[in-house]
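**Student:** Produce the entire structure from the sequences given, and follow the hints as far as they go.
Taken in sequence, the protein lines are chains P and R.
Read in order, the letters of the first sequence are residues 1 to 99 in this note's numbering.
Read in order, the letters of the second sequence are residues 1 to 226 in this note's numbering.
Do not take every clue at face value.
As the list claims (entries may be wrong) - Far from chain R, some chain P residues (derived; all Cβ distances over 12 Å):
1) ALA17
2) ALA41
3) TRP93
4) MET94
5) VAL96
6) PRO97
As the list claims (entries may be wrong) - Simulated pairs of lysine to aspartate or glutamate, DMTMM-like, Cα-Cα distance not exceeding 20 Å:
7) P:LYS67 - R:GLU191
8) R:LYS121 - R:GLU131
9) R:LYS99 - P:ASP87
Unchecked claim - Simulated restraints, written as ranges between beta carbons of each label pair:
10) P:GLU3 - R:GLN148: 55 to 63 Å
11) R:GLN137 - P:ILE5: 50 to 58 Å
12) P:LEU80 - R:VAL181: 13 to 21 Å
13) P:PHE71 - R:LEU147: 35 to 43 Å
14) R:GLN137 - P:ALA43: 33 to 41 Å
Since the hints were made in silico from the structure, they are not lab data.
Don't be surprised by glycine CBs; every beta carbon is placed ideally from N, CA and C.
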Amino acid sequence: MTEHIDSVKTYALVLIALLGLTVATTLVAFVDLGNFSVVVALAIAVTKMLLVALFFMHVRYSTRLTKLVIFGGLMWLAILLLLTLTDFLTRGWMGVPGK
Amino acid sequence: MSSEAHAHAEETLALREQFDTAEQQKDASTLGMWIFLITEIMFFGGMFAAYTIYRSAYPTVFAVASSSLNVTIGAINTCVLLLSSFTMVMAVRAGQMGKRNMIIIFLILTLIFGCIFLGVKAYEWNEKYVEHHMPGQAAFHLEGTPLQGPAKIFFSLYFAMTGLHALHMVVGVGILLTLIVQTRAKKFSAEYFTPIDISGLYWHFVDVIWIFLFPLLYLIDRHLPK
Numbered sequence: 001m002t003e004h005i006d007s008v009k010t011y012a013l014v015l016i017a018l019l020g021l022t023v024a025t026t027l028v029a030f031v032d033l034g035n036f037s038v039v040v041a042l043a044i045a046v047t048k049m050l051l052v053a054l055f056f057m058h059v060r061y062s063t064r065l066t067k068l069v070i071f072g073g074l075m076w077l078a079i080l081l082l083l084t085l086t087d088f089l090t091r092g093w094m095g096v097p098g099k
Numbered sequence: 001m002s003s004e005a006h007a008h009a010e011e012t013l014a015l016r017e018q019f020d021t022a023e024q025q026k027d028a029s030t031l032g033m034w035i036f037l038i039t040e041i042m043f044f045g046g047m048f049a050a051y052t053i054y055r056s057a058y059p060t061v062f063a064v065a066s067s068s069l070n071v072t073i074g075a076i077n078t079c080v081l082l083l084s085s086f087t088m089v090m091a092v093r094a095g096q097m098g099k100r101n102m103i104i105i106f107l108i109l110t111l112i113f114g115c116i117f118l119g120v121k122a123y124e125w126n127e128k129y130v131e132h133h134m135p136g137q138a139a140f141h142l143e144g145t146p147l148q149g150p151a152k153i154f155f156s157l158y159f160a161m162t163g164l165h166a167l168h169m170v171v172g173v174g175i176l177l178t179l180i181v182q183t184r185a186k187k188f189s190a191e192y193f194t195p196i197d198i199s200g201l202y203w204h205f206v207d208v209i210w211i212f213l214f215p216l217l218y219l220i221d222r223h224l225p226k
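**Tutor:** Put into structure tokens, the structure is as follows:
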């Protein structure tokens, strides 16, 4: 068996990082960063997601096929969000005849 | 007796006859679970898309509505959920080592943290009801903004997204209970603990959804004077 068993220490460190990032994202929300506050919030959320996926969900040890499928799924999510937003955010840019 | 009949006799939970090796079977289970989780990502993705559109349309109302949520309780509940993910991965680790007693202890801990999360969530929802922040209430009113319509949109998204997340948690609680019963029945060993492994993936996935829901719902422009 090629089973990878991580140490308790690894998992504990990941947990501490996750709890720390939760405190950080909560505190930084009270600081005025203008438009960057949402960027910082999402950057911290993505970092936490990566920690959970790579360590807790063992993506580090997953097969290349599983990694490819996960990546493909995230690409579909990006298509969903980006194409929807290119529609909604640009609707006011051009006049529509007859409107 | 043919060699095929012989193979039937040797079939185990860890190695079903259609797989060449136990490793191949495990990889197939993991891949299948991830494909299910991707359908879940797309399912929640639609809600996140709706959220993004309405937040970009009504940024100030969303900021006012977001600040009416209880951020302390939200942050503590996030930590509770992260703790449950830690105990879940410890249960999977116990599975890898075939330690049944440890599996049961960590699954029960995960169950307890999950139930605490759901209990706190129920308390928060009730708080919204008492404050007349629940869309559909005749007395719905959000203080600090004249735009009550968009405020209702925020709370509709809040209830839909946290509600669906909580529904996934309830399903997770059912899965944990099943796993505890199965572990007690000595179904799992170091050679075969796939149900614990992929249930762990599910539990962590639900955690990841909350990791995004927390800043997006609770933490919009908290610095603004209200």
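**Student:** Could you run down the list of hints and mark each one as holding or not?
**Tutor:** So, going through the hints one by one against the coordinates:
With a minimum CB-CB distance of about 10 Å to chain R, P:ALA17 fails to clear the 12 Å threshold, and the non-interface call is violated. Annotated as non-interface, P:ALA41 brings its C-beta within 12 Å of a C-beta of chain R; the closest such distance is 4 Å. With a cut of 12 Å on Cβ distances, P:TRP93 stays outside the contact zone with chain R, its closest approach being about 14 Å. Once the 12 Å rule is applied to beta carbons, P:MET94 is consistent with being away from chain R; the minimum gap is 18 Å.
Non-interface status of P:VAL96 relative to chain R is upheld: no Cβ of that chain comes within 12 Å, the nearest being about 18 Å off. A cut-off of 12 Å between C-beta atoms confirms that P:PRO97 is not in contact with chain R; the least separation is 24 Å. This hinted pair does not check out: P:LYS67 and R:GLU191 have alpha carbons roughly 24 Å apart, beyond 20 Å. Among the hinted pairs, R:LYS121 with R:GLU131 is consistent with the structure: their alpha-carbon atoms are about 15 Å apart, no more than 20 Å.
Restraint check: the Cα-Cα separation between R:LYS99 and P:ASP87 comes to about 53 Å, which exceeds 20 Å; the hinted pair is violated. In this structure the hint that P:GLU3 and R:GLN148 lie 55 to 63 Å apart at CB holds, the actual value being about 56 Å. Against the hinted window of 50 to 58 Å, the Cβ-Cβ separation of R:GLN137 and P:ILE5 comes to about 52 Å, which satisfies the hint. Distance hint check for P:LEU80 and R:VAL181: the Cβ-Cβ separation is about 38 Å, which falls outside the suggested range of 13 to 21 Å.
Distance hint for P:PHE71 and R:LEU147: a CB-CB separation of about 40 Å, consistent with the stated range 35 to 43 Å. Checked against the given bound of 33 to 41 Å, the beta carbons of R:GLN137 and P:ALA43, roughly 36 Å apart, stay inside it.
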